[in-house]
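Visitor: Sequence:
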Amino acid sequence: MLSFTRWKATLILMAVFATMLLAAPNIMPQSWVDKLPRALRTHMTLGLDLQGGVHLMLQVDSDEVRRTMLENLRDDVRRVLRDSRLQVQNLGFQGNAVVVRLREGQNNELALTELRKLPQLIGGAFSTSGQYDFEVSRQGDSFVVSATDAGIRDKISRAVTQSIEVVRRRIDQLGTTEPVLQRQGIDRILLQVPGERDPQRLKTIIGQTAKLEFRMVDQSVTPEQALAGRPPADSVILYEEVKEGNRVVQQVPYVIQRRVIVSGEELVDAQAAFNAQQAEWVVNFRFNSSGGRKFAQATTENVNRPFAIILDNKVVSAPVIREPILGGSGQISGRFTAESSANLALLLRAGALPAPLTVVEERTVGASLGQDSITSGTQAAIIGSVFVLIYIFATYGLFGLFANLAVIVNVVMMFGLLSLIGATLTLPGIAGIVLTVGMAVDSNVLIFERIREEVRSGRSVIASIDGGFTKAMGTIIDANITQLITCIILFYLGTGPVKGFALTLGLGIITTMFTAITFTRYLVIVWLRVFKPARIPM
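Note that our numbering numbers the sequence shown so that position 20 is 13, with each residue one more than the last.
Worth flagging that the hints you see were computed from the coordinates, not collected in a lab.
Think of the CB as a built atom: it goes at the ideal place given N, C-alpha and C, for glycine as much as any other residue.
A few of these clues could be false.
Straight-line distance between alpha carbons at most 27 angstroms, and here's what the computed BS3-like set of lysine-lysine pairs gives [said to hold, decoys possible]:
hint: 1; residue 1: 204; residue 2: 236
hint: 2; residue 1: 307; residue 2: 287
hint: 3; residue 1: 204; residue 2: 110
Between beta-carbon pairs, the in silico distance windows are [said to hold, decoys possible]:
hint: 4; residue 1: 333; residue 2: 372; range: 42 to 52 angstroms
hint: 5; residue 1: 281; residue 2: 486; range: 36 to 46 angstroms
hint: 6; residue 1: 414; residue 2: 226; range: 52 to 62 angstroms
Required output: the full structure, derived from the provided sequences and hints.
Guide: Here it is in C-alpha cells:
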C-alpha cells in the first residue's frame, strides 16, 4: 500500500498545482491578472457582508397578477363566443370571475358547451396542483367563468419565478457581479447586490415594469371629446408625461386603441443612441422576424396615421407614420437624457416584469462595515489556524509538519475550487474554511494515532505506517461522507448565508479527503524512500 506509481504521483502533484493556479488571481494585483489567459482569471467575489452593497426585499403585486389573469380570461371568453357567432349583451367582472350574459335568442347551450372547452382552446390552463385555473358554471341567464384559488396561486408563483429571471437579466446588464436572488415566501424576492453604491438607481431599474406596446391612435374622437363623454369601447385614454427635470409639468391625453400591434416581447435588441439631426437621445430597437412582419404590415396599412409607443401604460411618443417601416427596426424618441435612454434600452433588452415590484425592505451596507468584517474574519481565521498548526507540530513532530503542509495545500485547493466556480465568499463562508482546517487536522490525527498504536504493538516502521493509513481510512471516509450529506442538504434547503457556509464546508470536505488519503501519504512515502528511517519520530 505504501507505494505510488509515477503516473499517480504526477496526477496528485498536477491537481495541487492546478488549484494553486486557480487560487492565485485572488492575491495577485489586477494588472497581473489582466495579463493572464482568460481561463486563468478565476477569482472569488466578496459577499454583501464583506464588501458592502444593497439588500432589497421585493414583493410582487399579487392584485395586479390576479387582475391581469382575469382580463386575459375575459378576452378569451369574448373570442370564444365571437368565434361561435354568439352575441354578448354584458361582459364584466364579479370578484374572481368573469360574468357574461348573451343577447335574447342566442343558443345558451352552445355557449355553455364552448365555454367548457375553453381550457383546451387556450392550451391547457392547468395549475401545478393538477386543477384547472378556472371553472365554468351557469347561473340563470348568465355564465360564470371563475378563477380557482389554485389557479391564482399558480399564476402568482409563476410571476415570482419570471420576475426573478427578469431582475437577474437587468442586474447582469448593469455589470454587477454575483447578485443574490432568492424566492422568499409566496410573493417576495430577496435581492442582494454586493458592491452596489447607488441603491436609488438599482430600485429604479428593477422596479419599472417595462411593458412596451405599439398601438394605433384612435382618431374617431378627439381626446377632449373622450374625456367629456366616454371613449369608444375598443379604446382607452392614456397620457404622455411632459417633464422638466424630474418634475411632471403636463399630461397630454391620447385616445389609444386597445389592440396591441406589436409588444416588447418580440424585441431582440435595444440600444441608446444620440440622434445628431434632432439633437436628442433616442432608443433604437429591432424586432424578431414575427414582430418585424407585424410592424411592417401595420405601418404599410396606416401611412399618415399616428401610432403610439406605450411603456407601462404611459405614452412615450405618438409619431405619424410617414412611410412603411419594413426593416424590422425603429426608433423611440421622447425627450430622453443620456441616462434615461440607456436605462430604457437596458429594460427593453432584459424584458418586462409580469407584475410591478414593490420594495418592502431596504438595507445598505457600507464599505467600511464590510472592511471591518473582512479584517475581523481574516484575523480570526489566521489566529485559529496558526494555533491548530502549532499544536499539531508540537504533538506529532515531523509527522505534524507533514499534516500542516497537507492542511495548507487543503486550504489552497479549496480556494482554487471556489474561484473556479466563481463562488461568493461571505462571513459564514470564512467560518466554513476555518472549520475545514480543523477537519483536515482531525483526519491526520486519526491516521497518526493509528500509526502510534501499530508502533506500540511492535510492528516495523513500514508496517506501522501502512497499517495506520489503511485502518484509519474507513473511519475518515465514513465521517467525511456523513458531513458531506449534511452540507448538501443545507445547500439545497438553506438560503443566503447558510448556502455560503454549506458550499465552502462541502468543498472543504472534498479537498480534506483528497489531502488525507493521497497527499499526506505521498509526503510520508517520499520521506521513507529518501531517509529510510529506523524508527518513527513521533
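Visitor: Please work out if residue 307 and residue 287 have their alpha carbons no farther apart than 27 angstroms.
Guide: 22 angstroms, holds
Visitor: For the pair we were handed, residue 204 and residue 110, check the Cα-Cα distance against 27 angstroms.
Guide: 30 angstroms, violated
Visitor: Are residue 281 and residue 486 spaced within 36 to 46 angstroms by their CB atoms?
Guide: Given about 40 angstroms between the Cβ atoms, the range holds.
Visitor: Verify the CB-CB distance for residue 333 and residue 372 against the hinted window 42 to 52 angstroms.
Guide: 46 angstroms, holds
Visitor: For the hint 52 to 62 angstroms, verify it against the beta carbon of residue 414 and that of residue 226.
Guide: With a Cβ separation near 57 angstroms, residue 414 and residue 226 satisfy 52 to 62 angstroms, so the hint holds.
Visitor: Within a Cα-Cα threshold of 27 angstroms, do residue 204 and residue 236 meet the stated pairing?
Guide: 20 angstroms, holds
The structure is inconsistent with hint 3 alone, although it conforms to all the rest.
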